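Asker: So the sequence lines, in the order shown, correspond to chains A and B. FYI, in numbering that gives the first Met the number 0 the residues of the first sequence are 0 to 252. FYI, in numbering that gives the first Met the number 0 the residues of the second sequence are 0 to 252.
It cannot be assumed that every hint is accurate.
[What the hints assert, rightly or not] Label-pair distances were calculated between CB atoms; the ranges are:
1) G102(A) <-> L127(B): 48 to 56 Å
2) E51(B) <-> E55(A): 48 to 56 Å
3) R60(A) <-> D197(B): 20 to 28 Å
4) R60(A) <-> S78(B): 56 to 64 Å
5) S93(B) <-> Q228(A): 42 to 50 Å
6) E26(B) <-> P71(A): 43 to 51 Å
7) A226(B) <-> A133(A): 43 to 51 Å
8) Q89(A) <-> E55(B): 42 to 50 Å
9) A133(A) <-> G72(B): 50 to 58 Å
10) D34(A) <-> D75(B): 16 to 24 Å
11) D34(B) <-> Q89(A): 48 to 56 Å
[Stated by the list, open to error] Chain B stretches covered by chain A per the calculated footprint, using a threshold of three residues with CB under 8 Å from any CB of chain A:
12) 14 to 27
13) 103 to 115
14) 153 to 166
Source of the hints: derived by calculation from the structure; they are not laboratory data. Treat the numbers as computed from the prediction; the structure is a model and nothing was measured. Where is the CB? At the ideal position from N, CA and C, for every residue including glycine.
One letter stands for each residue in the lines below.
Number of protein chains: 2
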Amino acid sequence: MKKVLLIGIGAGNPDYVTIQAVKALNEADVFFFLDKGEEKEDLANLRRTVCERYIEDKSYRIVEVPGPVRDPGAPDYKSGVHAWHREKAQIFSSLIADELKDGEVGAFLVWGDPSLYDSTLRVIDQILAQGALAFEYEIIPGITAVQALAAEHKIALNPIGEPVHITTGRRLLEGLPDKVDTAVVMLDNGSGLRALIDEDVEIFWGAYLGTPDQILISGKLTDCVDAIQTARTEERERKGWIMDTYLLRRTPR
Amino acid sequence: MKKVLLIGIGAGNPDYVTIQAVKALNEADVFFFLDKGEEKEDLANLRRTVCERYIEDKSYRIVEVPGPVRDPGAPDYKSGVHAWHREKAQIFSSLIADELKDGEVGAFLVWGDPSLYDSTLRVIDQILAQGALAFEYEIIPGITAVQALAAEHKIALNPIGEPVHITTGRRLLEGLPDKVDTAVVMLDNGSGLRALIDEDVEIFWGAYLGTPDQILISGKLTDCVDAIQTARTEERERKGWIMDTYLLRRTPR
Chain A
0 MKKVLLIGIG AGNPDYVTIQ AVKALNEADV FFFLDKGEEK EDLANLRRTV CERYIEDKSY
60 RIVEVPGPVR DPGAPDYKSG VHAWHREKAQ IFSSLIADEL KDGEVGAFLV WGDPSLYDST
120 LRVIDQILAQ GALAFEYEII PGITAVQALA AEHKIALNPI GEPVHITTGR RLLEGLPDKV
180 DTAVVMLDNG SGLRALIDED VEIFWGAYLG TPDQILISGK LTDCVDAIQT ARTEERERKG
240 WIMDTYLLRR TPR
Chain B
0 MKKVLLIGIG AGNPDYVTIQ AVKALNEADV FFFLDKGEEK EDLANLRRTV CERYIEDKSY
60 RIVEVPGPVR DPGAPDYKSG VHAWHREKAQ IFSSLIADEL KDGEVGAFLV WGDPSLYDST
120 LRVIDQILAQ GALAFEYEII PGITAVQALA AEHKIALNPI GEPVHITTGR RLLEGLPDKV
180 DTAVVMLDNG SGLRALIDED VEIFWGAYLG TPDQILISGK LTDCVDAIQT ARTEERERKG
240 WIMDTYLLRR TPR
């Protein structure tokens, strides 16, 4: 039987790796790295750092393939994502079929946690549902950007006894649901930043969390939004990519 | 200057501890352990295991004090919590004032992550706001029960591009907000389990996540709810305490 590990390596800081992940890294024979357009070099470097730092026996293999790119011209967001997942499923299937021998362990290193806004698990489920390939798989959780954001800003995610809502920039544009006063926003291309500008909210923003390039900005949304948008533009230009997350909190009434 | 570390040690499994937490554990001179009623022995044991397993120089001290208990007879939930935090702030203040010398590092080991449904950070903020004590502090994120639940059930927390709502049993009784189809429920005394029983939802339930006693149950809520309630009752009787978490997911329309 082949085995596939989906290892959450945390959000940016190699120290976010858990002992469980270190054990999993040491169990793997092959690592599958997918390039991801512009983020490519920095991300692949962090994956390499994690392997080099934590794996004791250096006899592992790394198989690197170009990752598919989501078509921004798809008729709607979800159909674009589904097509992208199908493409990934074909690539992952070939990798597992061709690059992994029976009894071997292959690993995908996932930024943050495989359970939160990551497609690897869905793609693996899709391959297994097709039935052409058989393998075991395991998921190793990792520290998410949400947790890095809270720790670095030294804030609690939830008000006492209240919910935490984790959402996307796209969904934030539709407003927050009823009775939700705190939201963490991920996957925002910047367009969600002003969605609640007319309300009395605080923002806790972070980019490149956990890395030496980390930037934190916090305060009233109206006071900070320009600084954040400037930082987003300048940093994206400088590094070629940006990854940011923020928490919005309504001022208690 | 004194320094206080709030170290997330993850939810149950000592392997959930991160490298960052291991470094923080090794930086601490004193660990403050608060007993917590019935959970006392098992929880204190896990904290001890984490110290013993990961700290290289065994010259650290452990200071153990009885933790205050939240008054279930308080006029309402939040005022009960506030009173409980004030009591904790007094205890923590004395610990930091009396048990920590200048230049020393004290640590609180927090189950899961200090940013999610944990009072330690709020209590520390309260002490600093009072201004009588000065110290630095840092937060080290940890794997939450939410992430352990998702990893063990091998599920994604979010539907594609959709939000994740993390809430409490108490709040679930008021129903889910608009447009929220997935919710993770924490701090439920069991009363929230039937809140959505009349709707078409799946449940992914877990107790004692990450520990050798871990129990997982999943399926349609109507089919599973009795088994879950029986397991809750039996296990609480057997171990003297229960800690469980679950994800509810509306069947896609």
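Asker: Does each hint hold? Answer for all of them.
Answerer: Against the structure, the hints come out as follows:
Between G102(A) and L127(B) the C-beta distance comes to about 55 Å, which sits within the given range of 48 to 56 Å. Range check, E51(B) to E55(A): about 22 Å between beta-carbon atoms, so the 48 to 56 Å window is missed. In this structure, R60(A) and D197(B) break the distance hint of 20 to 28 Å, their C-beta atoms being roughly 53 Å apart. With their beta carbons about 60 Å apart, R60(A) and S78(B) fall inside the hinted range of 56 to 64 Å.
Between S93(B) and Q228(A) the Cβ separation comes to about 46 Å, which falls inside the hinted range of 42 to 50 Å. The beta-carbon spacing between E26(B) and P71(A), approximately 46 Å, falls within the hinted interval of 43 to 51 Å. Separated by about 29 Å at the C-beta atoms, A226(B) and A133(A) break the suggested range of 43 to 51 Å. For Q89(A) and E55(B), the Cβ-Cβ distance of about 47 Å falls inside the hinted range of 42 to 50 Å, so the restraint holds.
Taking 50 to 58 Å as the suggested C-beta distance range, the pair A133(A) and G72(B) conforms, at roughly 57 Å. D34(A) and D75(B) have their C-beta atoms about 54 Å apart, which leaves the hinted 16 to 24 Å range violated. Between D34(B) and Q89(A) the CB atoms are about 55 Å apart, so this pair conforms to the stated range of 48 to 56 Å. Given a C-beta distance limit of less than 8 Å, the hint that chain A covers the segment 14 to 27 of chain B holds, as 8 residues qualify and 3 suffice.
Three residues within the 8 Å Cβ limit are the bar, and the segment 103 to 115 of chain B against chain A gives 4, so the coverage statement holds. Counting residues of the segment 153 to 166 of chain B whose C-beta sits closer than 8 Å to any C-beta of chain A gives 13, which meets the bar of three, so the coverage hint holds.
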